[in-house]
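Colleague: Chain A is already provided as a structure; the job is to place chain B on it using the hints.
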Amino acid sequence: AMESRELFVLTYGALVAQLCKDYEKDEDVNTFLDRMGYGIGVRLIDDFLARSAVKKCRSYSETADMIAQVAFKMYLGVTPSVSCSNTAGNEFSLILDKNPLVDFVEELPAERASLCYCNLLCGVIRGALEMVHLAAEVTFLRDRLKGDAVTEIGITFLRKAEDRNELVTTT
Amino acid sequence: MAVCIAVIAKENYPLYIRSVPTENELKFHYTVHTSLDVVDEKISAMGKALVDQRELYLGLLYPTEDYKVYGYVTNSRVKFVMVVDSSNTALRDNEIRSMFRKLHNSYTDIMCNPFYNPGDRIHSRAFDNMVNSMMMQVC
Chain A
1 AMESRELFVL TYGALVAQLC KDYEKDEDVN TFLDRMGYGI GVRLIDDFLA
51 RSAVKKCRSY SETADMIAQV AFKMYLGVTP SVSCSNTAGN EFSLILDKNP
101 LVDFVEELPA ERASLCYCNL LCGVIRGALE MVHLAAEVTF LRDRLKGDAV
151 TEIGITFLRK AEDRNELVTT T
Chain B
1001 MAVCIAVIAK ENYPLYIRSV PTENELKFHY TVHTSLDVVD EKISAMGKAL
1051 VDQRELYLGL LYPTEDYKVY GYVTNSRVKF VMVVDSSNTA LRDNEIRSMF
1101 RKLHNSYTDI MCNPFYNPGD RIHSRAFDNM VNSMMMQVC
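Protein chains in written order, with our numbering: chain A, 1 to 171; chain B, 1001 to 1139.
Calculated directly from the structure, the hints in this document are not laboratory data.
On a predicted model such as this, the values are computed, not experimentally measured, just so you know.
Among the clues, some could well be false.
Some chain A residues close to chain B (C-beta under 10 Å, calculated; not the full set) [stated by the list, open to error]: (1) D103; (2) V105; (3) E106.
The beta-carbon is built from N, C-alpha and C at its ideal position, and this holds for glycine as well.
The following block holds chain A by itself, in its conformation from the complex (with noise of 0.2 Å):
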């Protein structure tokens, strides 16, 4: 697991530096890795719920605490603090204390301060959750590698989970 990862965070390096020369503006950058993300998480999810055998989330609050301890431990190898941020109980933020992605990105260039690196995670996130049929909005909240103290994901889940018969209906 360890052998292959220095070769990922060179291939996930490559990737945004070639979406850098690509494209002008650091939005389209972003976009582009939240879309690729998203095609890679509506598929790992398979992957995910294979290796892991847990059992069903009952509440976002699990699912929250699934991504953090049980997902980004099995693919990046890291366990990010999970805490929920509002009282309605649907938006969580994930503190990344490493990020392996980064391990070799000193700072991010000077006409490229908009750019969130590791777009890419959200999109999984994302893609993964909507093939579980949970919708929610993934975003980087705080980015060390934009001079931020630490570097936050923030969930947040779009409907409640009873609320899925609804959600079928509805479309």
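Modeller: Quick look at chain B alone, frame taken from chain A:
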């Protein structure tokens, strides 16, 4: 403790050069430049040498009245040149070797940065910090 540290591309132009005190920078640029001939001599003398730690470290390139110049070449033909004060007799060979090894490690970290294009000048805080730790403290 060095007075000048330089990283030279395989095409023999500087990727990074830092010296203390900074007023002497031009003189050190010249010193490093002239040392490159000696480096090239040593490399061709090596021939198809083995990829061995011993072979990467080129040792003392040439002494001047005030300074000693040491060299190190990587497998990708990137060179590191280090100038130390002649009066600094305390600096031993294996200390110089370990300084070069640290330079080499920091250099490979820079190469892994996806935003760094090989051949660009090196602008890295981590690299600066590492070099600072090796330079003479200027009072």
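Colleague: A separate judgement is required for each hint: does it hold in the structure or not?
Modeller: Hints, verified against the model:
1. D103: With a closest approach of 8 Å, the A:D103 hint holds.
2. V105: Hint on A:V105: holds, closest Cβ of chain B at ~6 Å, below 10 Å.
3. E106: Hint holds; A:E106 Cβ to chain B Cβ min 6 Å, cut 10 Å.
This entry satisfies every hint, going by the numbered hints stated previously.
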